[in-house]
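Trainee: Chain by chain, the residues:
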Amino acid sequence: MTFQALFTLTDLRIILRETAPKHDLDDKQRVETERLLENLERQVASLKQEMLK
Amino acid sequence: MRCASGIEARQVDELAINIDPIQTGGRLTGDAMKAVIAYGDGYSVCDNCRKPNRLDYISKPPIAEFHNDVAAWLNMDAVRTVPGARRGFQAVAHTYVRKGDPVLLTSLSHYTEFLAVEGAGGIACEIPANDQHIVTPEAAVLKIEEVKKKVGRLPVLAFIDHVDYQFGNMHDVKAIAKVCHQYDIPVLYNGAYTVGILPVNGKDLGVDFVVGSGHKSMSAPAPSGILATTTERAAEVFRTTAIIGDVTQRKFGIKEPEMMGCTLMGVTLIGMMASFPHVKERVKHFERELENNRIVVDGLLSVEGTKILSEMPRKHTLTRADTIGSFDKIAESHKKRGYYFSNALEEKGVTGVIPGATKIWKFNTYGMTKKQAVYLAEVFVDIARENDLPLRV
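Chains as they are written, first to last, in this note's numbering: chain D, 1 to 53; chain R, 1001 to 1393.
Isolated chain R, as found in the complex (with noise of 0.2 Å):
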């Protein structure tokens, strides 16, 4: 079935449960499906904007009570919606990096927080993460003072990821952003894998900025996200425009310039907003989305040989599996090569694992119901039955 000339209609979640690693919390909720059948059209949230005329402060539909809504939610300040995280990462690295400027990173970090900085001219100073795949504040504070000395200045700006997309691993960004602080660094929270999957509060946190991506984990169409800050930021952050044309004496009111002006014209906002409250509630029930994980991750574990290289217990649903010594032994030999797996999963209603994947894989187990979880983790079972690969008793 087609929606329109040579465009499927995607079916991927009604048919089958779908583990890709970076879609499961951005599944919109049936109220954004809705909100988005209702506001398709392009400047659609715009019908009441009035003098002075800026999208963060719109009451019909209620986008300025959102914007208040979700700072509060996030214990911050001042929230602004943006075309994904990596914008916001984007508005913020602006804002506080010139050339040559150091910016610390981790070695688990987005590329998309690299290009940032790049963007802004900085140098990259990756934290490296322990042999575990955490990043301490210890490794931290070894980083500073490694920059302090090559570079003679400090790091302007810290982007630290809560929960990397590397291994799902969770770091301990508080006592990280509190090493920050004592050398003057201000810090970017990147949620893009917690804000709308579990709580997050930045002033308990301490940072400076959070970043949450809205098609990652808040059930909002892409790209969509927001930048929350605290009132001192936000003045430097969400600075308003100060040009003039030489020409026209045209002025531009009270847009901002890292904002572009309005951000979320349509869709991606309402369906944002009309997630929320749902979103709001489900990051209370965190721990029932890792209890699904845990009856998965035993799933696979029954597999001899198969290892979960994430962090054990897991503290996210984004988990990194080793099957090097089990599924992948089958890939060597079938005919369909490392392929057989994939298809396996088809075949019985599971997506989103990269086809050919038999080696080093990631699932993602949020958002699905208990008897789903349940039955997924009988899949791997199953088809390690099915290629006579031993089960751990």
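Chain D extracted, bound-state conformation (with noise of 0.2 Å):
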């Protein structure tokens, strides 16, 4: 579940390059990042989940 987010974390890093210095997503772009954002949402409820129980 760590090296998801970190994985899911980098998906975003490289939307950060692909689209410097002003990041203005186009609709493509956009629907990955959403994507990318709810995964790791999940991801860090899992890992707390997993590891405060």
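Calculated directly from the structure, the hints in this document are not laboratory data.
No farther apart than 30 Å at their CA atoms in a straight line, the calculated lysine-lysine pairs in the BS3-like style are these:
1. R/Lys1280 - D/Lys28
2. R/Lys1370 - R/Lys1284
3. R/Lys1174 - R/Lys1149
4. R/Lys1280 - R/Lys1371
5. D/Lys22 - R/Lys1284
6. R/Lys1336 - D/Lys22
7. D/Lys22 - R/Lys1371
8. D/Lys22 - R/Lys1348
9. R/Lys1099 - R/Lys1255
10. R/Lys1174 - R/Lys1150
Output of the computed footprint for chain D on chain R, the stretches with three or more beta carbons under 8 Å from beta carbons of chain D:
11. 1034-1040
12. 1342-1355
Even for Gly, the Cβ is constructed at its ideal location relative to N, Cα and C.
The task is to assemble the complex, starting from two chains supplied on their own in separate frames and drawing on the hints.
Mentor: What follows is the structure, given as structure tokens:
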């Protein structure tokens, strides 16, 4: 789960690189970013559950 | 934000368009970044190292397969990974050059090629580039004949850069290799700016060695690179150890002296491996990179007085610009002197130009999106406008 979250953040990092310097996301990038952020939230929630149980 | 005490988190490529001439082709792919996270520990790729205990035999992670794939991709017979192209130069020079041997380089060769020759005790004999900064086969013939006459014997090795670091110009390695082979001189193809950037076919080029840089052109962490060769030359440069300890009688299996045994034992190799599928794909689309380069070059040339010193039309994205007749004129009277230019670029989200440079400087457009190329071209025009430099209509 730790890796999944880190890898999701890495995918977000790549979007930041591809859109530098203004980070104006096109429709496709916006959809992808939303998907990644939702995944990340789920992954962080799972981490909380697993590590703090 | 810091990674650790005194170490700032590096966000250069997240915050700006990076046009540093040596950095663009080495930026990691997302997969390489992920692999780096997982394999950061020292000997991380060695968990499943089994007899005969050599890096290029490890099958999990698939390092052996990677070596075979890289050899096939370059159309060569054998490959080793090395800690940077320079260590590939060094291995080959150390194998073939003895004290006082003449070695062919060019007037555009990288300094590490000179150091490799020096380390082996050789003499540097440069094939001069012509007025267009191109190294030709005709010049190679003249140089070989000159060396033969002056030194009394032929060069023992030739280092030829396909694309040079000074102008990003493309040189006819195939024709130069043909000339060298007519004199029985083995040829090392320096692909530091090509392997991982555009298609390279070693057998078609007729070269004995192909050297590539992982951190310069294969989206891999530094220091990394590859040395590829033919079956015949592999027996020489990748010869195995024969040394025996006089007290312990120890032998060292199939370790290779020129490689100092195993080479890239962790994050460098795994990063190169993770990027490799993307690198194999991207070389097929180099034309897109040239199109982005054309957009940026056109933007620069629209500022009156600007010249491109590299060959035109561009065959590579590494480009040398002369702005003595344009941006440098402003530097003469600007309170920030030449720094006004790099500062203006930074303010607009562009990085990688040497701070203070306004006369002759290099940039590389490799890896940017078309949108970024268009933006970068506009940035150069905007800086010209803001400083009342005339534009070509």
